[in-house]
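Letter by letter, the chains look like this.
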Amino acid sequence: MCPTPDGEQPEAMNENPTLVEPIGTGPEPAADGPDGTHDTQGAQNPQGATPPPAGGYYTPPAQPPLRRSRTDRVFSGVCGGIARQYGIDPVLLRILLVVLTVFTGGAFALAYIVAWLVIPDETAWAPVAGAGPAYATAQPAPVPPSYAAGGTGTYVDPATGTVYGAPQYYAPAKPREPRSYLGVIALSAAVVVGGVLSILAVAGVDIPVATVAAAMLAVLAIGLLVGAFRGRAKWLIAPAVILLLVAQAATVIPRAVSGSWGAGVGDRIWIPAEPTPLPYELGAGDAKLRLTNLPTGPATISAKVGLGTLLVTIRPDTTLVIHGRIGAGDVKLPATTTTSGTSLVLDTTVPATSVTPAVTTVDLTVDIGLGELEVRRAAS
Amino acid sequence: MRRHDLDWVSLIAGLVFLVFAVVYTIASLTDVSIDGRFVWPIILVALGAAGIATAVTATQRQEKALADLDSEPGE
Numbered sequence: 002m003c004p005t006p007d008g009e010q011p012e013a014m015n016e017n018p019t020l021v022e023p024i025g026t027g028p029e030p031a032a033d034g035p036d037g038t039h040d041t042q043g044a045q046n047p048q049g050a051t052p053p054p055a056g057g058y059y060t061p062p063a064q065p066p067l068r069r070s071r072t073d074r075v076f077s078g079v080c081g082g083i084a085r086q087y088g089i090d091p092v093l094l095r096i097l098l099v100v101l102t103v104f105t106g107g108a109f110a111l112a113y114i115v116a117w118l119v120i121p122d123e124t125a126w127a128p129v130a131g132a133g134p135a136y137a138t139a140q141p142a143p144v145p146p147s148y149a150a151g152g153t154g155t156y157v158d159p160a161t162g163t164v165y166g167a168p169q170y171y172a173p174a175k176p177r178e179p180r181s182y183l184g185v186i187a188l189s190a191a192v193v194v195g196g197v198l199s200i201l202a203v204a205g206v207d208i209p210v211a212t213v214a215a216a217m218l219a220v221l222a223i224g225l226l227v228g229a230f231r232g233r234a235k236w237l238i239a240p241a242v243i244l245l246l247v248a249q250a251a252t253v254i255p256r257a258v259s260g261s262w263g264a265g266v267g268d269r270i271w272i273p274a275e276p277t278p279l280p281y282e283l284g285a286g287d288a289k290l291r292l293t294n295l296p297t298g299p300a301t302i303s304a305k306v307g308l309g310t311l312l313v314t315i316r317p318d319t320t321l322v323i324h325g326r327i328g329a330g331d332v333k334l335p336a337t338t339t340t341s342g343t344s345l346v347l348d349t350t351v352p353a354t355s356v357t358p359a360v361t362t363v364d365l366t367v368d369i370g371l372g373e374l375e376v377r378r379a380a381s
Numbered sequence: 082m083r084r085h086d087l088d089w090v091s092l093i094a095g096l097v098f099l100v101f102a103v104v105y106t107i108a109s110l111t112d113v114s115i116d117g118r119f120v121w122p123i124i125l126v127a128l129g130a131a132g133i134a135t136a137v138t139a140t141q142r143q144e145k146a147l148a149d150l151d152s153e154p155g156e
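Chains as they are written, first to last, in this note's numbering: chain B, 2 to 381; chain L, 82 to 156.
Bound-form chain B, shown alone:
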């Protein structure tokens, strides 16, 4: 940075208390008198001086320090400021921030907070009293070329002689492009698709939640692809990430959850007196399946609980063959330790205890989305 011509600080007549840094980088203004004093008064155009660039006197900028952006600010301007400093896309930084935060379980958000505290905010351009008009011209003061290109430094307005300086560095934002509705169309179409698929699912068509989320995600992805070539739709990335998370979470919980959408909520007690082919279904709640009243002989039963517990009670003379799956949860069988986990596949037999061979053999198919299966033996 070049020192001020004679070491003087410009008078800080401006009431704005944030203007604390002296201006005066760059070469000396040509209006200096012969003794080197900084001419703050007259409009001198000494003979032989190099004419200034049209429209005022501009001092080239020093390397701007890193500041949080005021114009490109979603939350605190950290990403906008860093992106501007290094010439990268702020949207990319923001996505990276979200992904890394998810990936590190929230720890990366600390880095963002540290950056927020450490990187100072930028202040806007403000006129500073000081150097007078450098040259009188009849032209209206145009925007200095560096200003338009996003530069920094000082600018002297030739008409009024005001020196505009930024004690901190300010770069105007890129001119905003006219709003493109491509993104809105894509998002609305995704919502419509999600709604239609949900209607079908509730009406009975077996469509898992993950499929609905994936279909909506596909619509957003197509919108993003079109937006890459035609219009601005980058903000679709945010809802797309959310849908991806939903799809991921939903695949852990298998189709039992969505298949049971119409199956109701609450507690159920099912006591079959004879084997029935229709599955017992519950959307969310606790279900008790009492197989104590079944007649002798083989039986096939199936039960589905989306979210909740299924307690199966059998007589001591019944052998229970279980198969099916639990998306996430526990299995408790008599005389064994509890098994917990996700995507549990069930394939076990609970043998009768009182007589062999068993009087009744029940083939039970179980499908639990999120919850617990417990098998108990009745007393008699």
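It cannot be assumed that every hint is accurate.
Distance windows between CB atoms, simulated [unchecked claim]: (1) B/Leu246 to L/Glu144: 34 to 44 Å; (2) B/Val266 to L/Arg142: 53 to 63 Å; (3) L/Glu144 to B/Leu201: 46 to 56 Å; (4) B/Leu246 to L/Thr111: 44 to 54 Å; (5) B/Ala204 to L/Gln141: 13 to 23 Å; (6) L/Ala136 to B/Thr338: 47 to 57 Å; (7) L/Thr111 to B/Pro66: 18 to 28 Å; (8) L/Val126 to B/Asn294: 52 to 62 Å; (9) B/Val197 to L/Thr140: 44 to 54 Å; (10) B/Leu201 to L/Thr111: 54 to 64 Å; (11) L/Gly129 to B/Val203: 34 to 44 Å; (12) B/Glu375 to L/Ala136: 28 to 38 Å; (13) B/Ser355 to L/Val100: 24 to 34 Å; (14) L/Thr111 to B/Phe104: 49 to 59 Å.
Hints were generated in silico from the structure; no laboratory data involved. Yeah, the Cβ is synthetic: ideal placement off N, Cα and C, and Gly gets one too.
Following the hints, complete the assembly by docking chain L onto the known chain B.
Positioned in the frame of chain B, the structure of chain L alone reads:
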């Protein structure tokens, strides 16, 4: 709509999300299981690729602009 420069971030994000959407649709309908731990690292890779693509095209544009300046009749 106006002509825009190719937006690499949207392009790569769109491709990645489309692939994931198809994969998750197939997985949810046919009981194939997906290891969910692949998803976020793949997204990081895609983001990095998008960043590289953006920077490369920006550099090319800068160099072209400088070359244009140099080739103008100088003062």
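Right, here's what the structure says about each hint:
1. B/Leu246 to L/Glu144: 34 to 44 Å: 40 Å, holds
2. B/Val266 to L/Arg142: 53 to 63 Å: Holds - the Cβ-Cβ distance for B/Val266 and L/Arg142, about 58 Å, lies within 53 to 63 Å.
3. L/Glu144 to B/Leu201: 46 to 56 Å: Because 54 Å falls inside the window, the suggested range holds.
4. B/Leu246 to L/Thr111: 44 to 54 Å: 22 Å, violated
5. B/Ala204 to L/Gln141: 13 to 23 Å: 54 Å, violated
6. L/Ala136 to B/Thr338: 47 to 57 Å: Because 56 Å falls inside the window, the suggested range holds.
7. L/Thr111 to B/Pro66: 18 to 28 Å: 56 Å, violated
8. L/Val126 to B/Asn294: 52 to 62 Å: At roughly 58 Å between Cβ atoms, B/Asn294 and L/Val126 fall inside 52 to 62 Å, so the hint holds.
9. B/Val197 to L/Thr140: 44 to 54 Å: Check passed, 45 Å falls within 44 to 54 Å.
10. B/Leu201 to L/Thr111: 54 to 64 Å: 18 Å, violated
11. L/Gly129 to B/Val203: 34 to 44 Å: 41 Å, holds
12. B/Glu375 to L/Ala136: 28 to 38 Å: Hint violated: Cβ distance 58 Å, outside 28 to 38 Å.
13. B/Ser355 to L/Val100: 24 to 34 Å: 56 Å, violated
14. L/Thr111 to B/Phe104: 49 to 59 Å: 28 Å, violated
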